[in-house]
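Protein sequences appear in the order of chains P and C.
Note that the numbering used here numbers the first sequence so that position 222 is 222, with each residue one more than the last.
Each number in the numbering used here comes from the position in the second sequence (counting from 1) with 1000 added on.
Some hints here could point you the wrong way.
Per label pair, the in silico range of CB-to-CB distance [as the list claims (entries may be wrong)]:
1. 273/P with 1091/C: 31 to 39 Å
2. 211/P with 1072/C: 36 to 44 Å
3. 1173/C with 178/P: 46 to 54 Å
4. 1188/C with 221/P: 47 to 55 Å
Okay, derived cross-link-like pairs now, DSS-like style, lysine-lysine, Cα gap no bigger than 25 Å in a straight line [claimed, not checked]:
5. 1088/C with 117/P
6. 169/P with 1185/C
7. 1010/C with 1095/C
These are computed hints drawn from the structure, not numbers from a lab.
Glycine residues also receive a C-beta, built at the ideal position from the N, C-alpha and C atoms.
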Amino acid sequence: MSSKISREDFIRSIADLLRKAEIELPDDVVDALRKAEAAEENPVAKSQLQAILKNIEIAKKHGVPMCQDTGIMIFFAEIGTGFQPGFDIEAAIREAVILATAEIPLRPNAVDPLTRKNSGNNTGAGIPDIHWKLVPGNQLKITAAPKGAGSENMSSLRMFNPTESGNIKNFVLETIVNAGGMPCPPLTIGIGIGGSFDAAARLAKEALLEPLNAPMEEMETEILEAVNALGIGCMGLGGSTTALAVNVKTAHCHTASLPVAVNIQCWANRHASVVFGEEE
Amino acid sequence: MEHHLQTPLKIEDIKKLNAGDIVYISGEILTARDEAHARILEMDKKKEELPFSLEGGVIYHCGPLMQQTEIGWNVISAGPTTSGRMSKMTPPLLKAHGVRAIIGKGGMKGVTDALKDRCVYLAYTGGCAALAAELIREVKTVYWLDLGMPEAVWVLRVEDFGPLIVGIDAKGKDIFADVRENAQKQLGKQE
């Protein structure tokens, strides 16, 4: 079955998807920020949360990116075994990034890691970073999650001894204390437990995309309460909400290892999805 | 307390500010982040003159998103970047130049002594770039565009730019350090 989308329409859709992700936060994230503002008693933190909510409104009203750090281009793609586009999807996504960078516009953030030379169009070796997953069905779902560096830089990974699972909570707390106000709290905290060195990090990043209003597991609630008891608050100026949510994802790992990754996301938990193709 | 300040800033302007106060700045501010700091220090070392003056100046830790039009540059989005990355480069920079205020986010470590009696650190809400862009009235000029758009030094004319929270005052009080210290204590209790 042909999935009947032209390359041109696909590129247009991906550029529009990026525009949506950069300008408008998902409803669950805005709701969580509103709740944090309403509950905050520290006047400085409250003023910061109000500025964030005002900023979200202005970005939406003027159709401009909510943050000047428009991120590094990360995509999650779930491709159905029956989805046959008839063109090189990766190349088309790359083209869409270049188009979106010029027309939204986006800040050119992609540089060579050593020479630091900026490519000028948000693409480069390995960028856009596209995470592929093969799934049953005839559809292609693409999620754009442009990631800012302020929060990414504060993320952490540790290879624990297998008997040390009791130290995971403390590792998360140390990571958050060390980060302080630098990653722009209130945060979403994605935790990947298990897998391997790289799989744990990938799980942590995927965990950031989970809805913030979904019921939390016991471990997630326990860590969230402990994080908020630290009193770091909005922007590290003190206050009751340091994190909006904690999402944990796990995978089986080698009996001799226990990888744990903590991926930190700033308040601007940007992501948007689009689906191509017909349901079966 | 709320203060409305006009650039160039005088020492007296900043000495009256206390940690936790709210400040609005009008006048000229210059963006500078990692690469611009490194170049300033490199030029200082070689005793070369900077193409711009930092006397009474305000440094904004910001890598803006700009758009070039036929008549010049247009600010699209211009929120603060993480100041912590500039922590080490800031004391030598303050020693050589009369910077009176640094605007950024997240605070800085190990700079309270360098700031004492000469400069304040003002926190602007991280990520609030659309809001900031509304308060930037004009892009006056740009230096060092060879460093790339985010790393260049942009000279911006602002009006009532804020609200900025005095995060570190010129008397040695640092809200971020107090919050960090308290968080460490809480962490100790949880262990």
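Results for each hint:
no., hint, in the structure
1, 273/P with 1091/C: 31 to 39 Å, "violated (46 Å)"
2, 211/P with 1072/C: 36 to 44 Å, "holds (43 Å)"
3, 1173/C with 178/P: 46 to 54 Å, "violated (22 Å)"
4, 1188/C with 221/P: 47 to 55 Å, "violated (22 Å)"
5, 1088/C with 117/P, "holds (23 Å)"
6, 169/P with 1185/C, "holds (16 Å)"
7, 1010/C with 1095/C, "holds (16 Å)"
The structure fails hints 1, 3, 4 (numbered hints given earlier, in ascending order).
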